[in-house]
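Chains as they are written, first to last, in this note's numbering: chain A, 318 to 850; chain B, 38 to 392.
Hints were generated in silico from the structure; no laboratory data involved.
For glycine and all other residues, C-beta sits at the position ideal for the given N, C-alpha and C.
Part of the chain B face toward chain A, derived, beta carbon under 7 Å: (1) F89; (2) A114; (3) P123; (4) H131.
Far from chain B, some chain A residues (derived; all Cβ distances over 10 Å): (5) G381; (6) E393; (7) L394; (8) R484; (9) L497; (10) P541; (11) G608; (12) L611; (13) L620; (14) T652; (15) G655; (16) L716; (17) L827; (18) A834; (19) S841.
Listed below, chain by chain, are the residues.
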Amino acid sequence: MTIAAAPGPGASVEPADRGSRTRPSGRRLRRSPVTLALAIAVAALALLPLGYIAWYTVDLGWAGVRDLVLRPRVGELLWNTVRLVTGTVVCCAVLGLGAAWLVERSSVPGRRVWHVLLVAPLAVPAFVNSYAWISLLPGLDTYAGALLVVSLSYFPFVYLPLAAAFRGLDPALEDTARGLGLSTWAVFLRVQLPQLRVALLGGSLLVALHLLAEFGALQMLRYPTFTTAIYDQYRATFNGPGATMLAGVLVLLCLALLLAEIRLRGQRGYARAARGAPRPARPVSLRRLTGPTLGGLAVLVGLALVVPLGSLGYWMARGAGTALDGSALLTTTGTTLGLAAVAAVLTTAMALPTGWLAVRARGRTSTLLERSTYIGSSVPGIVVGLALVTLSIRATPWLYQTVPVLLAAYAILFLPRAIVTVRAAVEQSPALYDDVAASLGASAPARLRRITLPLLAPGIGAGAALVFLAVVTELTATLLLAPTGTTTLATAFWSASSALEYGAAAPYALVMVLLSAPATVLLSRDARRGLTP
Amino acid sequence: MSSLTVTALTKGFGATPVLRGVDLHVPAGTLTALLGPSGCGKTTLLRLVAGFDDPDSGTVAVGDRVVAGGPGRGVPARRRGIGFVPQEGGLFPHLTVAGNIGFGLPRQQRRDGGRIRALLELVGLDEALATRSPHQLSGGQQQRVALARALAPAPSLVLLDEPFSSLDAALREETRAAVAAALDAAGATAVLVTHDQAEALSMADQVAVLRDGRLVQLTDPQTLYRTPQDLDVATFVGEAVVLDADLHAGAARCALGTVPVDGPRGDGPARVLLRPEQLRLSAPAAASGEVLARVGGVDFFGHDARIRLTLADGTAVTARLDGAELPAAGASVAVTVRGSALAFPASAGTAALSA
Numbered sequence: 318m319t320i321a322a323a324p325g326p327g328a329s330v331e332p333a334d335r336g337s338r339t340r341p342s343g344r345r346l347r348r349s350p351v352t353l354a355l356a357i358a359v360a361a362l363a364l365l366p367l368g369y370i371a372w373y374t375v376d377l378g379w380a381g382v383r384d385l386v387l388r389p390r391v392g393e394l395l396w397n398t399v400r401l402v403t404g405t406v407v408c409c410a411v412l413g414l415g416a417a418w419l420v421e422r423s424s425v426p427g428r429r430v431w432h433v434l435l436v437a438p439l440a441v442p443a444f445v446n447s448y449a450w451i452s453l454l455p456g457l458d459t460y461a462g463a464l465l466v467v468s469l470s471y472f473p474f475v476y477l478p479l480a481a482a483f484r485g486l487d488p489a490l491e492d493t494a495r496g497l498g499l500s501t502w503a504v505f506l507r508v509q510l511p512q513l514r515v516a517l518l519g520g521s522l523l524v525a526l527h528l529l530a531e532f533g534a535l536q537m538l539r540y541p542t543f544t545t546a547i548y549d550q551y552r553a554t555f556n557g558p559g560a561t562m563l564a565g566v567l568v569l570l571c572l573a574l575l576l577a578e579i580r581l582r583g584q585r586g587y588a589r590a591a592r593g594a595p596r597p598a599r600p601v602s603l604r605r606l607t608g609p610t611l612g613g614l615a616v617l618v619g620l621a622l623v624v625p626l627g628s629l630g631y632w633m634a635r636g637a638g639t640a641l642d643g644s645a646l647l648t649t650t651g652t653t654l655g656l657a658a659v660a661a662v663l664t665t666a667m668a669l670p671t672g673w674l675a676v677r678a679r680g681r682t683s684t685l686l687e688r689s690t691y692i693g694s695s696v697p698g699i700v701v702g703l704a705l706v707t708l709s710i711r712a713t714p715w716l717y718q719t720v721p722v723l724l725a726a727y728a729i730l731f732l733p734r735a736i737v738t739v740r741a742a743v744e745q746s747p748a749l750y751d752d753v754a755a756s757l758g759a760s761a762p763a764r765l766r767r768i769t770l771p772l773l774a775p776g777i778g779a780g781a782a783l784v785f786l787a788v789v790t791e792l793t794a795t796l797l798l799a800p801t802g803t804t805t806l807a808t809a810f811w812s813a814s815s816a817l818e819y820g821a822a823a824p825y826a827l828v829m830v831l832l833s834a835p836a837t838v839l840l841s842r843d844a845r846r847g848l849t850p
Numbered sequence: 038m039s040s041l042t043v044t045a046l047t048k049g050f051g052a053t054p055v056l057r058g059v060d061l062h063v064p065a066g067t068l069t070a071l072l073g074p075s076g077c078g079k080t081t082l083l084r085l086v087a088g089f090d091d092p093d094s095g096t097v098a099v100g101d102r103v104v105a106g107g108p109g110r111g112v113p114a115r116r117r118g119i120g121f122v123p124q125e126g127g128l129f130p131h132l133t134v135a136g137n138i139g140f141g142l143p144r145q146q147r148r149d150g151g152r153i154r155a156l157l158e159l160v161g162l163d164e165a166l167a168t169r170s171p172h173q174l175s176g177g178q179q180q181r182v183a184l185a186r187a188l189a190p191a192p193s194l195v196l197l198d199e200p201f202s203s204l205d206a207a208l209r210e211e212t213r214a215a216v217a218a219a220l221d222a223a224g225a226t227a228v229l230v231t232h233d234q235a236e237a238l239s240m241a242d243q244v245a246v247l248r249d250g251r252l253v254q255l256t257d258p259q260t261l262y263r264t265p266q267d268l269d270v271a272t273f274v275g276e277a278v279v280l281d282a283d284l285h286a287g288a289a290r291c292a293l294g295t296v297p298v299d300g301p302r303g304d305g306p307a308r309v310l311l312r313p314e315q316l317r318l319s320a321p322a323a324a325s326g327e328v329l330a331r332v333g334g335v336d337f338f339g340h341d342a343r344i345r346l347t348l349a350d351g352t353a354v355t356a357r358l359d360g361a362e363l364p365a366a367g368a369s370v371a372v373t374v375r376g377s378a379l380a381f382p383a384s385a386g387t388a389a390l391s392a
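With the sequences and hints as input, model every part of the structure.
See the structure below:
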């Protein structure tokens, strides 16, 4: 899962004047061959799974591809996937838009509290959420069940950017429209919605991309899609061409969505034209509708948050006496935290050259390198896992089932999060500061120590934290790549819940939720960061 | 404090030449304004002097010391001892005001705080601001802190890159005065980049007009305003009335009648320059030879006013009058000229450039 997605060319807007001024020196000084080589190496790693699929497809030839792809089973999976993605995107869009409007623009009581509660479901990994539901209601293994569970897990992806976009809208426009005689509903349709279009579409695409990559939740709900089919094929035939070709179709779907995303990003920057902080908006009074509105929000939060947490609590209580193995939980937590820490440091370090070049040496090459990592990382975890398993067996058998391969998978999957934050941090530290410090007599190492690092540190830290938390709850790639005997919270939870030992699984899920909570608080505080806009 | 001497400096980015051979001398302890429209190369010149970029050819010398373009590599920015005040201040966001001002000071003086207090006083800021963060300051305060930071290591030269352009009118006036006073008190040699002619004329000891990467004119503000090098400079440094004329025996016959002309010029067709404040208006007296005009509109500024006039032959001119007695729009007035006009060759609006 990727919370932080790629910023495209339009994502960062610098005053043109200053940009044109700093560029000459930036180009001269900052594009060292070492940085460039490192960024190229990172991009190459990120593109590895994609390259593997492409190479395999070409190797197989048209006839082989036709035999494997053009069959009823694939059509069935495609239909399942498309209808689930469409349904979920619609549900998430409606829920996210409604909730964002209520929280940002209406007089509903307790808006700050609702905001946190509406972001909070992000702390519950989707596969934990579906465990919580199916363990209570075994009948949820249908299309409707899958739609319900994943919508509840994913609607914050739409809610968050929309809430941020609402906050960024200039209320003066809404006041002007009201002054021209438009009703609240007309203001929403004719003034707010057009400006929110980009955020809404961006959030929806994010939901779709996540859903294409989702494995755990759907496997748990026994809803067959490409990811689950790839996994089953992989289990059955290890690395047969069947799994790889399914992965190829899935990757094509992802790339199509990603291209749509990149195009959409090019249109950014139209929602907010005015400079400076806008006046706070005057909330629309709900009057008699306050009660029903509160009820609706309560039901949403209840389903998305209270049910999974309650279910976890129930299974904790049920399993506490019999199934809780304290030392195993402790070891697993330790292993997970260790892996996550190493992966966070590694991935952030890998993000530095790319993020640096993207800002300080703007141009075709750095855009291409940045895009490559995003495209590479859009590949679902199941595909990354599959590709790395096969590649390590064929090319580097001594690396098969070792920690470095697992770390490489984490890096490939979560690079965009680190790059987004590093890049934002570099933007906060324009080359101008470097120049001024030099004019004040500071040497290059002194400038790095006194200016660049202090300015980048928060961004680097935030990027590392995001990667850390993503690794803590990563399931799919870990299932395929973890060395024998290495269990993480997610895989321990998975094997317990797959064996229907719900009580034994609960403690692992709880630790994951507790570890994810801080990131959620971070996201709810600063919705502009991390998520799309 | 040292003088600055720039000789035959050129610089291009890619195929685009930005500076085409600039010579400039700034005497020690004076303030020179680099004036020019945007894109004329003034910021590039500043960056070359500061050492942020290297020139393609030519030299930069501070005092007797050649810092760029001499034998061997140029002196890096950090060894030039040149203070730099960027647009919008460019204060380090992670440091307090005191941390910013003390950035270029040796560690010991940074701790001591006496020097920082002295610098705050020099730029007219309260000592209490020392512990604030840059984002808690107004734009004008940020500029003053940026100047204090640049002056702290006692540089031999201070460069200011459009330091007032982001401030609103009232704040700009006040900050400009504070900065001028601080530079004066420090006895600093300073180069100020600006595209605001009023700022250049009012602050600088000498003004260097830059156009298309060349130095067009380098002189004191009054001379620049009264005898600009060519009509382009004339219209750039202030409002102008430019008329076609016929020169004969030290006088120009033009749409405003016969006006005396300064300087030796040959007889024949020419273009003459008058400043709007040279035009006087009076009630028409029906005398012969009187130049009549119709008032097209009045822009009232309080302290004075701009009168838009249309002459009998259709030529549009403007006059500047003090605000006491103003004609009404549509009125008919008689126009007379005070003082003399400046003549330029008739052929072109742009005279031959001489660097």
